[in-house]
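Model the full structure from these sequences, guided by the hints.
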Amino acid sequence: MERDDIIEYSLDAHHSDEAGKLIRKKIWKVTAILTLITIAEVLVGVFFTRFELGGDSWAWFGIKMFYIILTIIKAAYIVLVFMHLGDERKGFKWVILGPYVLFALYLLWICVTESNYLNSTLIQWYLPGF
Amino acid sequence: MAGEATKQIDKAILWGGGRSPFSSSYGKMMMWFFLVSDALTFSGLLIAYGYIRHAYIGTWPAGESVFHAFPGMGDTHVPLLYVALMTFILIVSSVTMVLAVEAGHRMDKKKVVFWLFLTVIGGFVFLGSQVWEWSHFIHGSTHGKELADGSIIHGANMIINEYGPPQYANFFFFITGFHGFHVFSGVIINLVVLIMVVKGVMHRRGHYEMVEKAGLYWHFVDLVWVFVFTFFYLV
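Going down the list, the sequences are from chains A and B.
Going by the numbering used here, the first sequence opens with residue 1, and the numbers climb by one from there.
Going by the numbering used here, the second sequence opens with residue 1, and the numbers climb by one from there.
I should point out that these hints are in silico values taken from the structure, not numbers from a laboratory.
Keep in mind it's a predicted model, so treat the numbers as computed, not measured.
Any given hint could turn out to be false.
[As the list claims (entries may be wrong)] So the derived list for chain B, only partly shown, Cβ under 8 Å to chain A, looks like this: (1) 39; (2) 44; (3) 54; (4) 58; (5) 102; (6) 107; (7) 134; (8) 135; (9) 226; (10) 230; (11) 234.
We put the CB at the ideal spot given by N, CA and C, even for glycine.
This is the structure in structure tokens:
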């Protein structure tokens with residue numbers, strides 16, 4: 001089994017100039033990736049709009065999924081590289097991400113389910129055309 | 001034994017119990033715990049937004065049809081460009097922050113000051129952009145929207161707006177406002193840390209961990225904006 005307990009105390013996390021060069025290289029690489037993703041998102045947002053594709057179409061569903069996947073990739077880069085969670089212990093990663101993901105996914109699920117109900121009953125019956 | 005550092009840790013920086021869980025410092029771990037709770041708050045807001053939006057499906061406005069103006073260009077149509085620029089500004093200020101943290105690990109005080117200063121500038125630029133966007137959102141377009149009684153509404157307030165259901169403007173104000181306030185407090189924290197670095201407090205302490213902790217908060221603010229950008233403006 002891979003040992004993940006041999007990590008120095010975080011206050012001693014000093015590194016040399018050579019190590020710094022590599023880290024900076026990685027930072028600029030991630031910057032480029034984040035910028036490219038943002039540009040891609042905006043271009044798609046400009047050329048494939050909800051009104052053109054239709055809110056119920058599969059094409060729009062695909063675009064939405066495209067956005068969500070790119071957003072999660074962006075978030076992963078920020079959390080793992082910029083916030084250095086990728087350099088922390090495996091256990092610590094779970095302590096931070098586990099509870100959060102659990103709560104967020106549950107909330108998301110219950111809200112999507114309930115808003116479907118709200119839409120099909122209240123809004124369409126009592127507030128048509130609103 | 002798992003969960004302990006490999007070498008003797010100075011008593012002065014050890015946790016109160018004489019151990020250091022996950023060989024992380026107390027302050028850094030508590031910052032992470034705070035960020036998790038704050039992330040849950042933002043998730044609550046964004047999911048509530050999704051809930052209302054999904055319930056009003058069909059009448060909810062699309063981001064590119066509301067946010068298509070650019071400062072100094074009048075009533076132009078450049079959808080999402082300004083928001084994309086704001087996103088880029090915040091990402092860049094996140095990069096300068098991580099470079100400040102990296103310089104701190106090399107005990108390079110000059111570089112820390114340089115990058116941290118740029119981070120603060122980036123934060124102020126973002127806040128200024130948000131002020132412009134709020135102002136534009138509140139004042140609205142020149143044509144506005146005609147209501148049932150024949151009167152014309154321009155822009156938005158808490159009760160009615162020209163873009164869509166009233167909740168649309170309410171969520172805009174609340175989510176971007178709450179995020180903007182986070183950015184504002186982040187800038188203040190960065191400014192305080194910058195002054196401490198300039199005065200040499202961190203150097204005497206022997207480590208720049210305070211820069212790292214302020215950095216965690218700052219990256220988190222950027223992280224939230226990535227989600228706000230997707231779910232409020234793009235989708």
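Verification of the hints:
no.	hint	verdict
1	39	holds, 6 Å
2	44	holds, 7 Å
3	54	holds, 4 Å
4	58	holds, 7 Å
5	102	holds, 5 Å
6	107	holds, 7 Å
7	134	violated, 21 Å
8	135	violated, 22 Å
9	226	holds, 5 Å
10	230	holds, 4 Å
11	234	holds, 5 Å
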